[in-house]
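K.L.:
Sequence:
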Amino acid sequence: MNVLVSDNISPKGVKILEKAGLKVDVKTGMKPEELKKVIGKYEGLVIRSATKVTSEIIDAAKKLKVIGRAGSGLDNVDKAAATKRGIVVMNTPGGNTITTAEHTIALIVALARQVPQATASMKEGKWEKKKFMGVELFGKTLGIVGLGNIGSHVAKVAQGMGMDILAYDPYLSEEKAKSLGVKVVKIEELFKKADIITLHIPLTDETRNLIGTKSIATMKKGVRIINASRGGVVDEDALCKALQSGKVAAAALDVFEKEPPSESPLMKLDNFICTPHLGASTQDAQENVAVAVANQIADYLVKGTVRNAVNVPSVSADALPVLEPYINLAERLGSFLSQTLDGGIDKITIEYKGVVASLDLEPVTVAALKGILTPILEETVNFINAPSIAKERGIEVKETTTDDAGDYHSMLVLKIRSGAKKYRVAGILHGKKEPRIISVNDFVVEVIPEGDMLVVANNDKPGVIGNLGTMLGKNNINIARMHFGREKKGGRAISVVSVDAPVSDAILAKIKKLPNVLSLKYIHLPV
Numbered sequence: 001m002n003v004l005v006s007d008n009i010s011p012k013g014v015k016i017l018e019k020a021g022l023k024v025d026v027k028t029g030m031k032p033e034e035l036k037k038v039i040g041k042y043e044g045l046v047i048r049s050a051t052k053v054t055s056e057i058i059d060a061a062k063k064l065k066v067i068g069r070a071g072s073g074l075d076n077v078d079k080a081a082a083t084k085r086g087i088v089v090m091n092t093p094g095g096n097t098i099t100t101a102e103h104t105i106a107l108i109v110a111l112a113r114q115v116p117q118a119t120a121s122m123k124e125g126k127w128e129k130k131k132f133m134g135v136e137l138f139g140k141t142l143g144i145v146g147l148g149n150i151g152s153h154v155a156k157v158a159q160g161m162g163m164d165i166l167a168y169d170p171y172l173s174e175e176k177a178k179s180l181g182v183k184v185v186k187i188e189e190l191f192k193k194a195d196i197i198t199l200h201i202p203l204t205d206e207t208r209n210l211i212g213t214k215s216i217a218t219m220k221k222g223v224r225i226i227n228a229s230r231g232g233v234v235d236e237d238a239l240c241k242a243l244q245s246g247k248v249a250a251a252a253l254d255v256f257e258k259e260p261p262s263e264s265p266l267m268k269l270d271n272f273i274c275t276p277h278l279g280a281s282t283q284d285a286q287e288n289v290a291v292a293v294a295n296q297i298a299d300y301l302v303k304g305t306v307r308n309a310v311n312v313p314s315v316s317a318d319a320l321p322v323l324e325p326y327i328n329l330a331e332r333l334g335s336f337l338s339q340t341l342d343g344g345i346d347k348i349t350i351e352y353k354g355v356v357a358s359l360d361l362e363p364v365t366v367a368a369l370k371g372i373l374t375p376i377l378e379e380t381v382n383f384i385n386a387p388s389i390a391k392e393r394g395i396e397v398k399e400t401t402t403d404d405a406g407d408y409h410s411m412l413v414l415k416i417r418s419g420a421k422k423y424r425v426a427g428i429l430h431g432k433k434e435p436r437i438i439s440v441n442d443f444v445v446e447v448i449p450e451g452d453m454l455v456v457a458n459n460d461k462p463g464v465i466g467n468l469g470t471m472l473g474k475n476n477i478n479i480a481r482m483h484f485g486r487e488k489k490g491g492r493a494i495s496v497v498s499v500d501a502p503v504s505d506a507i508l509a510k511i512k513k514l515p516n517v518l519s520l521k522y523i524h525l526p527v
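439 is the number that our numbering gives to position 439 of the sequence shown; each next residue is one higher, with no gaps.
One or more hints might be untrue.
[Claimed, not checked] Okay, derived cross-link-like pairs now, DSSO-like style, lysine-lysine, Cα gap no bigger than 27 angstroms in a straight line:
hint, residue 1, residue 2
1, K130, K156
2, K241, K221
3, K432, K84
4, K214, K176
I should point out that these hints are in silico values taken from the structure, not numbers from a laboratory.
These numbers come from a predicted model, not from an experiment.
With the sequences and hints as input, model every part of the structure.
P.N.:
What follows is the structure in structure tokens.
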């Protein structure tokens, strides 16, 4: 079998593939048209971040069985298209944790002591000791937004430097926080009290522009900001203005909304330092992920063993046809429910009702956990690590089974307890394979869980649906489907609206202000 390596990886990874009896071609720097022409002969593809595996590439990859990412991020792979074609998508979670955390610490120290600026000054023949007066980190308060693997390691290193740690992570258990020795606070308190803020979160609709004009206004004058997580989490225009005004003393970015950042005004500022997405760029990390992904691909192509797949659980070939529809349903229900949460997760309950209760449920439960955890965590969640991540975060997971599914052949019910709040979603298979949501928090609906959706909680009053439709229509957003459920006449109700295009933050803000709208959640699921 043939494997294409289309991005630069450690030679050790290539040797592992060859030793397994695979024919390996290393062709880096190809343009999309070139990749499209050659991909048809390969069963395996090894990439890093440069290669974009679009639906067009996947359509041309007639023999492709597996895509392996040497690293964790998979923003450059159309996972939905790969899944439809039955192509396994793998990554190497955790391989970059230490390297990225150390890069964050390097940026913190460089900001505090103005190392890049002082270096540039000396290379110009100057000796400006007074100009580059720094600040000590000992005793300063470091605010860490996101305590996943990377954020947790940053906390450990910073504690060793004598820093006080404030952390915000709504999905972290108290037990885990205590084990790390950090104080978990609300994000508003972190912004208000931190001397230095570092971000370790995924880019989602909720985290986009998290550091922006409003949040910066609540911070200390002279705060320092570091982002080595995802571009788009920081509003770069707002950051630029805050650096110019002195509200933010200094900032360091390793990631940008557009990479490379063309003509960014940040580049003209002396109190701004940056690196070209180097978080995972060490020889050690690159060797680790190359070796890991090569072993995974070799094991899959030669032995059929699946490890660290993000789109396929470890299920036998015989059982997969029966379980796959339920795995898909469970993951979609989990992702939907997760995106409706207002806080952390204390307990997850998966109820299996009807015929499904007699099946091997472990992969279905794992799929539900993956669906729940993926939208809210920075680290990659897959079918291998989802249970361990839930355990690490102190989340209790419970399964129940019953033969009684009421009027249905089978039913899955997912419940999440978040403090005093409880969230619930139930789903079935329409026909044999098509997932359907049949209730949300005890409101009866019938929803196809795919694409962009608005979940609107409202009072059951005349005009609510009309106002919502008018607002979307004015902004040229077409409604694909709308589902309405209520507890009783004149009581509370929900509207689940499927739309044909993404809805901007500005439009969402307007919808929240409509009469009788109580709350709004924006949900995105694969098509």
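K.L.:
If any of the earlier hints don't hold here, list their numbers in rising order.
P.N.:
Failing hints, ascending: 1, 4.
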